[in-house]
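Peer 1: Residues per chain, in single letters:
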Amino acid sequence: MKTPIYLDYQATTPTDERVLAEMLPYFTEVYGNAASRSHPFGWQAEEAVDKARAEIAELIGASAKEMVFTSGSTEAINLALKGAVDMYGDVEPKPGKIGGKHIITSLVEHKAVLDTCKHLEKEGCQVTYLTPDETGRVTVEQVTEAMRDDTLVVALIWGNNEIGTLNPIREIGELCHERNVLFFVDGTQAVGKIPVNVEADNIDLMCISAHKLYGPKGVGALYVRRRKPRVRLVSQIDGGGHERGMRSGTLNVTSIVGLGAACRIAGEELETEMQRTSELRDRLEEKIRAGLDMVHLNGNREFRLPGCLNLSFSYVEGESLLMGINNHLAVSSGSACTSASLEPSHVLRAMGVGDDLAHSSIRFGIGRKTTAEEVDFAATRIIETVTRLRELSPLYEMALEGIDISSVEWAGH
Amino acid sequence: MAYSDKVIDHYENPRNVGALDKTSGEVGTGLVGAPECGDVMKLQIQVEGDKIVDAKFKTFGCGSAIASSSLATEWVKGKTISEALEISNTQIVEELSLPPVKIHCSVLAEDAIKAAVADYKSKQESGS
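If you read the protein sequences in the order shown, they are chains S and R. 1 is the number of the first residue of the first sequence in our numbering; add one for each residue after it. 1 is the number of the first residue of the second sequence in our numbering; add one for each residue after it.
Bound-form chain S, shown alone (with noise of 0.2 Å):
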């Protein structure tokens, strides 16, 4: 076994070495442009891009045609939210016509989400933010209660990037179908991990990284309906009229193969690796209950993702924890002092986590290289870390004296 152990799936994934295999020929061999349409390199290209249209289509129950190809899932996730508002926000709102200038989304979303919304306050649009259980979920009743008439698109994540939890995907958009609503899915985290059917799921948009999903760095996806509703987008990067005129610039053609390649693979492997990595992810939880008590679990036991587990672990501060174990683990902190803006974790806040338990949180990934093996070596070095730090911990020390630690009036700084 190898050490330090990746347990940070959440964050990126290793490059399949199938998908790269595949994309190698495309660099020296298949370098056409793939809008050269007078010569066989050219048409080459083409063909190769239109075979990954149509792998990642499958893979998410699309056709081909409504695959749009950007740099990632924050480009995407710009393109339909950004793109919208300017193709419908000034469309007068009525019923049975999509139009306005009124966004819902949660304030457990990604940055890119997020930060994409704040724009788009500024340019006029309103935006509620609705505040999810304390699991991290989103509820139908919420999204129902939000809606107004001049509601544009509802935008949410399916699978939480820090927690797991699994939004109800296919409940709200069938609300925002009946209400002829546009349904934005930040699908990055889901797609090549659950099952995920557009159709079935009454998706509208939603954004892909072919990163989370072991194909490369710098390319995703952006779904956008065809058919019931047809979608319009207004493209946010001119130039040349690719992608159907949604997002111009010339083809990544060899990381549209990884991507494509990553789709089909995971499609084959999704049900196996489902189930394997869900073992992996309850073997792990068990280990560390088994040494450790007072452990909490952030997100949804139900509705989660297969591969993603945070934890927080009551008085030991999450930085000084990885500072303990990323010699043996990589694995990412909800606290404060990792994040640049010295904040603790949007989520786990939104979420009602206590500040000091988001300080405590651990988010473990595990993926398609992760084996029974390194999940046991990674339990026991956070028991023995947490452990050793608890010793050191004087709130450990107040709590087994059994004094309340929110009952102490703390001088904050």
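Treat the hints as calculated values from the structure; they're not laboratory data.
For lysine to any residue, the following SDA-like pairs were computed, each having C-alpha atoms within a straight-line distance of at most 20 Å: (1) Lys-56(R) - Thr-387(S); (2) Lys-56(R) - Arg-388(S); (3) Lys-22(R) - Ala-399(S); (4) Lys-22(R) - Glu-397(S); (5) Lys-56(R) - Glu-397(S); (6) Lys-6(R) - Asn-16(R); (7) Lys-22(R) - Glu-391(S); (8) Lys-56(R) - Glu-391(S); (9) Lys-56(R) - Leu-400(S); (10) Lys-6(R) - Asn-326(S); (11) Lys-22(R) - Leu-400(S); (12) Lys-6(R) - Ile-325(S); (13) Lys-6(R) - Asn-327(S).
A few chain R positions that, by computed beta-carbon distances, are all more than 12 Å from chain S: (14) Val-53; (15) Asp-54; (16) Thr-80; (17) Glu-83; (18) Ile-87; (19) Val-93; (20) Glu-95; (21) Ser-97; (22) Ser-122; (23) Glu-125; (24) Gly-127.
Example chain R residues on the side facing chain S (calculated, C-beta under 10 Å, incomplete): (25) Tyr-3; (26) Val-7; (27) Val-17; (28) Gly-33; (29) Ala-34; (30) Pro-35; (31) Gly-38; (32) Lys-42; (33) Lys-58; (34) Thr-59; (35) Ala-65; (36) Ala-115.
Keep in mind that this is a model prediction, so the values were computed, not measured. Note that CB positions come from ideal geometry on N, CA and C, so glycine has one too.
Given the structure of chain S, go ahead and fit chain R onto it with the hints provided.
Peer 2: Same frame as chain S, but now just chain R:
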């Protein structure tokens, strides 16, 4: 992020971890910080005459906070109370090569020393 060797050394081998009898008149206890801010330090001193003969700490916080308080206990031991009060956070920053984002850890350690001394003094006053 990269830690200095001294921070890593204090983190891996913290000095003077533990607790002194907080009910004793010779012991001063300082508890500073807040759990929601991500760091809490408890620093205790045992005083004989006006000399600090022992010091213990426990810290909830990042590696730099642990190192700052560990170092503070090392430095106050053997000093008189007035000498201990002269220890400033900038000396801690220098010794541990703390980066700017971690300066608050050193401030907290200085505060912890001052709080422990204040607690000791108030015990002496109320006791006498």
